[in-house]
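2 protein chains.
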Amino acid sequence: MADHSEKHVTEDDKATPAKMRKLESGDAAEARDNFAGFKLIKVLNENTRNKCIFVHGSFEGSDDDAVVLMEKTPFDKQSISAMLTSTTDLKQVMQNDIYGVYTSSPPPDLNGINTTIIYPATDRHIMKYSAQQIYLINETAEEYQEITLPFIESQPFSLQWVYNILDKKAESDRIIFEDEDTDTGFILLPDMKWDEKLTENLYIIGICHKRGIRSLRDLGREHLPLLNNIAKKGKEAICTKYGVKENQLRVYLHYQPSYYHLHVHFTHVNFDAPGMNIGKAHLLLDVMENIEMQSDYYPKKTFTFTAKEKDPLYLKYKAAGKM
Amino acid sequence: MADHSEKHVTEDDKATPAKMRKLESGDAAEARDNFAGFKLIKVLNENTRNKCIFVHGSFEGSDDDAVVLMEKTPFDKQSISAMLTSTTDLKQVMQNDIYGVYTSSPPPDLNGINTTIIYPATDRHIMKYSAQQIYLINETAEEYQEITLPFIESQPFSLQWVYNILDKKAESDRIIFEDEDTDTGFILLPDMKWDEKLTENLYIIGICHKRGIRSLRDLGREHLPLLNNIAKKGKEAICTKYGVKENQLRVYLHYQPSYYHLHVHFTHVNFDAPGMNIGKAHLLLDVMENIEMQSDYYPKKTFTFTAKEKDPLYLKYKAAGKM
Chain A
1 MADHSEKHVT EDDKATPAKM RKLESGDAAE ARDNFAGFKL IKVLNENTRN KCIFVHGSFE
61 GSDDDAVVLM EKTPFDKQSI SAMLTSTTDL KQVMQNDIYG VYTSSPPPDL NGINTTIIYP
121 ATDRHIMKYS AQQIYLINET AEEYQEITLP FIESQPFSLQ WVYNILDKKA ESDRIIFEDE
181 DTDTGFILLP DMKWDEKLTE NLYIIGICHK RGIRSLRDLG REHLPLLNNI AKKGKEAICT
241 KYGVKENQLR VYLHYQPSYY HLHVHFTHVN FDAPGMNIGK AHLLLDVMEN IEMQSDYYPK
301 KTFTFTAKEK DPLYLKYKAA GKM
Chain B
1 MADHSEKHVT EDDKATPAKM RKLESGDAAE ARDNFAGFKL IKVLNENTRN KCIFVHGSFE
61 GSDDDAVVLM EKTPFDKQSI SAMLTSTTDL KQVMQNDIYG VYTSSPPPDL NGINTTIIYP
121 ATDRHIMKYS AQQIYLINET AEEYQEITLP FIESQPFSLQ WVYNILDKKA ESDRIIFEDE
181 DTDTGFILLP DMKWDEKLTE NLYIIGICHK RGIRSLRDLG REHLPLLNNI AKKGKEAICT
241 KYGVKENQLR VYLHYQPSYY HLHVHFTHVN FDAPGMNIGK AHLLLDVMEN IEMQSDYYPK
301 KTFTFTAKEK DPLYLKYKAA GKM
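Line by line, the protein sequences give chains A and B. 191 is the number that my numbering gives to position 191 of the first sequence; each next residue is one higher, with no gaps. 63 is the number that my numbering gives to position 63 of the second sequence; each next residue is one higher, with no gaps.
Some hints here could point you the wrong way.
Quick list of in silico lysine-lysine cross-link-like pairs, DSS-like style, CA-CA up to 27 Å [what the hints assert, rightly or not]:
{"#": "1", "chain 1": "B", "residue 1": "241", "chain 2": "A", "residue 2": "322"}
{"#": "2", "chain 1": "B", "residue 1": "245", "chain 2": "B", "residue 2": "310"}
{"#": "3", "chain 1": "B", "residue 1": "300", "chain 2": "A", "residue 2": "235"}
Calculated directly from the structure, the hints in this document are not laboratory data.
My request is simple: use the sequences and hints to build the entire structure.
Here is the structure:
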């Protein structure tokens, strides 16, 4: 897996236990048949929309910590017929005219829960899966110069993996489209969140060839040819390859981005992709219109974005007495 | 329930079967013990993120249609201990070092599925719960004048329920805060999507007293005092009443709005509220900054928004050869 799968971490990703596959130190635990001996210490986090819960506990007879990540499974079109039979019990909650509300209980094998048991778990795991308070930061042009830019420059955000892609030293087999122009060119490739199976979950990243454009903050009139080119040729290439219509593609940038080399997100309009909220995503079309209206729109703008209480950038704003 | 619960329908709402409680014609069906005799006709829609599925079928011995809406239940903090015991079977999928991936099968009574059976269902129900293609519309200033505005004016969008609130003829017991000024005043009340129980799901609407401002499109410099007032006093009132900090409130407007009388949404930053995506939501702070920069920013702007293939406004754009 390329390095940038680690960079594309968005808020919503934390609620997807299945993403975590990385090896760490510690001995392999033996398979368990059930949760016998489990002691709950604390519910770390939950998401009622995604139907996830993250729990901290331990197993009887050991002082080691355990973290349990559970996520209800999506319905399976293939097996829904098997669920809608006499083996699924119904308990009525209410009936109002033609509307009957029930709790249904399908056989357990048709209603499994995706579960990851991390055992023994470290403090780092417990922190990773704990709920964090989220705050909105309003970053003025001055605060960008005084707090955010020095923070970006002080961080060891290596962009080497991006340059490896642009130089065809890595992932060249994944490239969907390339315009090689050094000023207006870019490379399109599938985002790590997309398995390239369903067009309705399409998620493609366009990375510009030109180096040194950190983010939206750096954009001005001189970048309009680049932005226009990414918008036009990016959409065309995706429409040609995947048969998606132009008016079915959301095209946007993130602020703050997850890495500071200008890149554009293309997602299918039917896909409820993470990172499309206000306070994070900015439509490329709006960006171009704003710059056409006023070249220094983005250098001057007050950007609102969300940050978690343990995010280093949030801590910088807090230390500066801004939060 | 007030009329505007019907108006606050967003794309995401369709995936929440439990919302539907309204009476319609037809005889009450008797309670069912299970899905015996159910025949699947078609899966109408599903949402893998929310874990929902909507199914069209029928019951043996009848020609009537049935629509079944199912949604996996969120985990319950109170009963999670009961789930993590020896009665929940685990089936191992893989083990990698300290990470064990399983499918767990709790006892059926701890893992119910919220289910609504609409029976007999009409064609209207089937259409309502069917997947619809979504498109992005880019509405220029000219297209607003030529297509959208005539459409708004031709529609029987009654705003009487809004005026009833503003005149205290309805829902006056729900008002959280009021500024009575006829130019800059507004009323705050909880959105119908919020049950007022958990502050983390806080969703409050601010409705301006001044009539005739349809949407963001109509805003200019003359409305800055109104917008500033809603932003400032709205946040203060919410912070005072609910103990939420100012930097934990998202404050935004929708375009297109669900009704054409200017209103502002306040939601808790931890709440994954529907309708916060780009192409729908616009941060009030951005709106004020844009207007300060250029008074006719919004009348002139090209707005991007999503529409479903059966939305009347989408059909107008299609009829005009724009899609």
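Hints breached by this structure: 2
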